[in-house]
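Protein chains in written order, with the working numbering: chain V, 1 to 264; chain X, 1001 to 1284.
Among the hints, a few may not be true.
[To be verified] So, partial list: chain V residues that the calculated Cβ filter (under 7 Å) puts toward chain X:
#1 Phe33
#2 Glu117
#3 Asp218
[Stated by the list, open to error] In silico BS3-like pairs for lysine-lysine, Cα to Cα no more than 25 Å straight-line:
#4 V:Lys258 - X:Lys1120
#5 X:Lys1120 - X:Lys1095
#6 X:Lys1191 - X:Lys1007
#7 V:Lys42 - V:Lys261
#8 X:Lys1154 - V:Lys261
#9 V:Lys261 - X:Lys1102
#10 X:Lys1152 - V:Lys261
#11 X:Lys1191 - X:Lys1080
#12 X:Lys1120 - X:Lys1033
#13 V:Lys185 - X:Lys1191
#14 X:Lys1152 - X:Lys1080
#15 X:Lys1102 - V:Lys258
#16 V:Lys36 - V:Lys261
#17 V:Lys258 - X:Lys1191
#18 X:Lys1007 - V:Lys261
#19 V:Lys185 - X:Lys1152
#20 X:Lys1052 - V:Lys94
#21 V:Lys185 - V:Lys98
#22 X:Lys1152 - V:Lys98
#23 V:Lys68 - V:Lys94
#24 V:Lys185 - V:Lys258
#25 V:Lys245 - V:Lys258
It should be emphasised that the hints constitute simulated quantities derived from the structure, not laboratory data. Glycine included, C-beta positions come from ideal geometry on N, C-alpha and C.
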Amino acid sequence: MSALTAAERVAIARHPQRPNITDYIGTLFTDFFECKGDRLCKEAPAILGGVALYHGRPVTVIGTRKGKTLEENLACNFGMPGPEGYRKALRLMKQAEKFRRPIFTFIDTSGAYPGLEAEERGQGEAIARNLLEMSRLTVPVIAVITGEGNSGGALALAVADRVLMLENAVYAILSPEGFASILWKDAQRSGEAAGLMQLTAPDLMRLGVIDGIIPEPDGGAHTAPQAALREVDRTLRRQLAALSKESGPALAAAQYQKFRKMGA
Amino acid sequence: MNSIFSKRRARLLAMKAMRDNYIPGDQLTVCPKCGQESPRREVAGNLSVCPKCGYHFPIGAYYRLSTILDPGSFRELNGKLPAGDPLAFPGYREKLAAAQRKTGLTEVAVTATGTIGGQKCVVGVLDNRFLMGSMSAAVGEKITLAIEYATKNKLPLILFAASGGARMQEGILSLMQMAKTSAALARFSEKGLLYISVLTDPTTGGVTASFASLGDIILAEPGALIGFAGPRVIRQTIGQELPEGFQTAEFQLEHGFVDAVVPRTQMRDTLERLLRLHGKGGQP
């Protein structure tokens, strides 16, 4: 692995041409049927989800949606979900459990959206509910942090049996800018913050927060998207095969023990 | 024998509680909300609630426990669980030491068993005076241990939340405490046990987005700030001023996220009643 600094990895993780959820679904899955709406009040374009085939097997796919152009990004709120997004995701996960489908989540978000309506509709409750319910799902859940995974907004899709990260993805409590601004009242010191936060894939592997790293082409996934996606596919296939041998209760129990050890 | 220990425990909590019930002022206390003066002793006697306007002064964890538990029933759980520095973050150990000196606590969370009106329960309290009640690995661990203790012993659980959010210096491990505590609550809930979450000023960030929002019953203290994102961040994001009363306990009640707003002076009786209603056949 190359010796990139944490700040350089943050830049790669945010690269506008980095493969996004649409690329993952289009390349890794077939026959995708998008399911919309939280069944409570809204559809949430910041999260894309539905049913698809993965190497011929029905699965549920859910991911945060970022665009590659300003127009696309405006349509999906720059990948920052509100509570309806998390509630839609939970609805699809419970549905997956009903039909015994494995679940894949793809995460690339700067965080849950901090807005008026998001607060009115219970952003905190929606995230909390996902954490609780995901912890007891009895179908295999594999989460992949593909770009930025920030805050509870990322974790709400990442309480999984396997949490994987692309080599240059970052996973943290919040953005380095936010971190620097809270701790030092100076968002300009984000590079320094990135270095201290231990947010790179190797850091998180060492801390026991993630279960595996998916290698990227030199220079990042955007330089050779097809090769990057092939590597993701190889890893997902292997991990799904391993998890599929376990019973539902055994999966939930092993997942509890995994998270139980973090910071104990 | 038992009563000697019980008296000693009562005295111990009373001593710790006294230190925690700090009310500013020498003879007279000025309420930061209504600006009126009240005799300091009168405020203290009213559980640190302004007698004029009902403003709830911040209180410490042990004092909070002394206001709801039956005298002599307090037994601290995992009181020796140390604070940690899992990322070896520069300057963090000094910060922790300073907070410990200031508050006399080892960390944000204090957990205990005790009785309320004779009904045994597990109670946890976050103390906002310690690094703004931020969620560290030690906080998540202590809360999880309390949940697991309640699960194992089939006891009702009451958690008083108060948190400014994540503990920055513990980074991702702070975030993971959200998953850990929520997963522990899932297992607690599957046993058919009662969890009452009480939201106090302020409850925000990762604590709101995990155990604080997962109570079977959710209560809040009047006027408490409750939300996920902080008001400053929201203001910056949307570029406009926030409406009056946004993210208060009363706002959360109106939007369906809280069962009842309960003044501190009625909290003990309310908890006693809720425990009774969830007991066998409603009998104590």
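Inset, instruction - Identify every previously stated hint that the structure contradicts and give their numbers, smallest first. - result: When the structure is compared with the hints, numbers 1, 2, 3, 4, 5, 6, 7, 9, 11, 12, 13, 15, 16, 18, 19, 20, 21, 22, 23 and 24 turn out to be violated.
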